[in-house]
Amino acid sequence: MIQHPIYTASNQQQQLMELTTRLVSVILFLLVIRVGCSASPHHWRKKRVGEPCKKLVFYFHDIIYNGHNGKNATSAIVGTPAWGNRTILAGHNHFGDVVVFDDPITLDNNLHSPPVGRAQGFYIYDKKDIFTAWLGFSFVFNSTQLRGTINFAGADPLMNKTRDISVIGGTGDFFMTRGVATLSTDAFEGEVYFRLRADINLFECW
Amino acid sequence: MIQHPIYTASNQQQQLMELTTRLVSVILFLLVIRVGCSASPHHWRKKRVGEPCKKLVFYFHDIIYNGHNGKNATSAIVGTPAWGNRTILAGHNHFGDVVVFDDPITLDNNLHSPPVGRAQGFYIYDKKDIFTAWLGFSFVFNSTQLRGTINFAGADPLMNKTRDISVIGGTGDFFMTRGVATLSTDAFEGEVYFRLRADINLFECW
Amino acid sequence: MIQHPIYTASNQQQQLMELTTRLVSVILFLLVIRVGCSASPHHWRKKRVGEPCKKLVFYFHDIIYNGHNGKNATSAIVGTPAWGNRTILAGHNHFGDVVVFDDPITLDNNLHSPPVGRAQGFYIYDKKDIFTAWLGFSFVFNSTQLRGTINFAGADPLMNKTRDISVIGGTGDFFMTRGVATLSTDAFEGEVYFRLRADINLFECW
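So the protein sequences, as listed, match chains A, B and C. The numbers in the first sequence follow my numbering, run straight up by one, and end at 1454. The numbers in the second sequence follow my numbering, run straight up by one, and end at 1454. The numbers in the third sequence follow my numbering, run straight up by one, and end at 1454.
Hints are computed from structural coordinates only; laboratory data are not their basis. A portion of the hints provided could be inaccurate.
To be verified - Distance condition first, Cα-Cα at most 25 Å in a straight line; then the derived SDA-like pairs of lysine to any residue:
(1) A/LYS1409 - A/THR1430
(2) C/LYS1303 - B/ARG1296
(3) A/LYS1376 - B/TYR1441
(4) A/LYS1409 - A/GLU1439
(5) A/LYS1302 - C/GLU1299
(6) B/LYS1319 - A/ALA1330
(7) B/LYS1409 - B/ASN1358
(8) B/LYS1295 - A/ARG1296
(9) B/LYS1319 - B/PHE1306
(10) B/LYS1376 - C/GLU1439
(11) A/LYS1319 - C/MET1407
(12) A/LYS1302 - A/ASP1447
(13) C/LYS1319 - B/ILE1336
(14) B/LYS1319 - A/ILE1336
(15) A/LYS1302 - A/ASN1357
(16) B/LYS1319 - B/PRO1352
(17) A/LYS1319 - C/LEU1406
(18) C/LYS1302 - A/CYS1453
(19) C/LYS1295 - B/CYS1453
(20) B/LYS1302 - A/VAL1297
(21) A/LYS1409 - B/PRO1352
(22) B/LYS1295 - C/GLY1396
(23) B/LYS1302 - B/SER1361
(24) C/LYS1295 - B/GLY1298
(25) A/LYS1302 - B/CYS1453
(26) B/LYS1409 - C/LEU1394
(27) A/LYS1409 - A/LEU1355
(28) A/LYS1302 - C/ASN1449
(29) A/LYS1376 - B/GLU1439
(30) B/LYS1302 - B/TRP1454
To be verified - Between beta-carbon pairs, the in silico distance windows are:
(31) C/SER1361 - B/ASN1320: 45 to 51 Å
(32) A/PRO1362 - C/ILE1378: 16 to 22 Å
(33) A/ASP1447 - C/ALA1435: 40 to 46 Å
(34) C/GLY1318 - B/LEU1355: 40 to 46 Å
(35) A/MET1407 - C/GLY1339: 32 to 38 Å
(36) C/GLY1339 - A/SER1361: 27 to 33 Å
(37) C/LEU1355 - B/SER1432: 31 to 37 Å
(38) B/ASN1357 - C/GLY1339: 47 to 53 Å
(39) C/THR1335 - A/SER1361: 38 to 44 Å
(40) A/ARG1296 - C/LEU1355: 41 to 47 Å
Built from N, CA and C at the ideal position, the CB exists for glycine as well.
Could you build all of it, start to finish, from the sequences and the hints given here?
Here it is as structure tokens:
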């Protein structure tokens, strides 16, 4: 059967029209998806978590000054409440004790491994009825492998198996970074030595 | 009137062409708008303020240790300048006094309301000629409703009706958050009790 | 030669098809490029450094209380390790000394220039074998030119010519800002006066 030319053309145009419509739909769909995830006024606010842009694991080692270990000590009590003193951590779960530290950072859990940097800052025991601390400190790196600092702040309810603190900034290799560090107590020996493992997950890298 | 088939086809094609062109224009326009608002090199820097992604209001209550209120006290002086002591806030507007706290957080301004979390950290009085403090602390939540921490730092010129400090990070329900908290002194009783209202406006939510 | 209508229509449609295909390709290409540069799951993480959105230079001046200069002093020792006291910076490179300060900020390096704000917070000497400190403080501005705060935290290995700390947040004119401040010791006189220059580079402005 011979088709009328108009009908034929119209039929082809219809197919073309459908194809175009479908393509345009796909494009609009892609746009809508992207608008939904990133370009709305909500752009700056609702962010996707996703995978960290950098993951790091370190250990750091704290030997607190107790009046007898001046040579080895890496930290010291520098503030206490009225009922405390600066060579013995205070009662009431050390509430109010302020400790300044300069702890070696190692890649494994061995205190005697070569340090790759220093953890420097302070912690404050801040609860009377259970051990809990507040931390403000930096990881300071100054080697050919790593150079720069990562700055941390946050609550450390240290009786929990793991606890999260904030990575609030960084410099050098860690310029402007942000993230979360998960701390866990890897060892705890009397009231003189403890070792923390820090699993650092950075979610903003520059 | 009977149209010539070619003319008809061409006419329909023209309409189709116009339709396609118009659709493509709209798409390109959308793309251009989006490039303008988000994908330039300025993307990371100039950000729009807009509405907060989360708004929260809490109260927290500080009862400072004065030598007699050990049971109720939620905070204690742990550092003072040479002229101070740790049971009475020092002269010169308490300049130099370091206070560690573990304060209950409530949803209303009643000290005896069930606490929904703890405000833990420290403040330092840091000005000789007027009351002013510097704050480093966390809101710690651990209930079925709220879990995680919000970390704060900043200057607190506490004689001002309101003052803004920074939300520098968060964990759990407040993972990676940033924002501004507006503090106001809701009550102040002698030198033993004060209550702060914190209006937290988060502008980065993940 | 007169073309058969069908053939003609078909030919035109083919051209239209090609045009559409080409346009759609361009659009998809644009989309792909933008996906690559900004909208992937990496969007929030890998950020371009580029130029700061704001650059500021200030000086601040610290006069530490030594028992005799109560009138002029802008800072005081408020915590020390067991071997220290609060009118003389401790041995071992002042390890453990906590100093609270309220220092004038000036636009040039002259202590007597009119202050444009105050640097308020604390520093902690935190290393036994070299001078190193950890800083938590704010620049507080309250003039017609500048209003708001910039909050800082980080390690200050002060024997280095320059060292970087983090801008962790801000309020007012510096709402939500982030960046890096490069500190350098502009003057150091005995153990009583020092002057720091702060080159502030902000990379997130709102």
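* **Distance restraint between B/LYS1319 and B/PHE1306, which requires alpha-carbon spacing of 25 Å or less** => holds (24 Å)
* Asked: Is the straight-line distance between the alpha-carbon of B/LYS1409 and that of B/ASN1358 25 Å or less?
  -> With Cα atoms ~20 Å apart, B/LYS1409 and B/ASN1358 stay inside 25 Å; holds.
* Does A/LYS1319 pair with C/LEU1406 here, judged by a C-alpha cut-off of 25 Å? -> holds (23 Å)
* Is C/LYS1319 close enough to B/ILE1336, meaning Cα to Cα at most 25 Å? -> Holds: C/LYS1319 and B/ILE1336 sit about 22 Å apart, inside 25 Å.
* Range hint compliance [Cβ, A/ARG1296 to C/LEU1355, 41 to 47 Å] -> holds (42 Å)
* Asked: Taken at face value, is the distance from the CA of C/ASN1449 to the CA of A/LYS1302 at most 25 Å?
  -> Distance ~24 Å between A/LYS1302 and C/ASN1449 Cα, so the pair holds.
* Asked: Is A/LYS1302 close enough to A/ASN1357, meaning Cα to Cα at most 25 Å?
  -> Satisfied, since the Cα-Cα distance of roughly 21 Å is no more than 25 Å.
* Starting from B/LYS1302, check that the Cα of B/TRP1454 is at most 25 Å away, please. => Roughly 11 Å separates the two Cα atoms, so the pair holds.
* To do: Take the C-alpha atoms of B/LYS1295 and C/GLY1396, compute the straight-line distance between them, and say whether it is at most 25 Å.
  => Answer holds: B/LYS1295 to C/GLY1396 is near 18 Å, not above 25 Å.
* Asked: In this structure, is the beta-carbon distance linking C/LEU1355 and B/SER1432 contained in 31 to 37 Å?
  -> holds (32 Å)
* Are C/GLY1339 and A/SER1361 spaced within 27 to 33 Å by their CB atoms? -> 29 Å Cβ-Cβ, so the 27 to 33 Å window holds.
* Asked: Lying within 32 to 38 Å: is that true of the beta-carbon distance A/MET1407 to C/GLY1339?
  -> Holds, at about 35 Å.
Hint compliance for this structure: no hint is broken.
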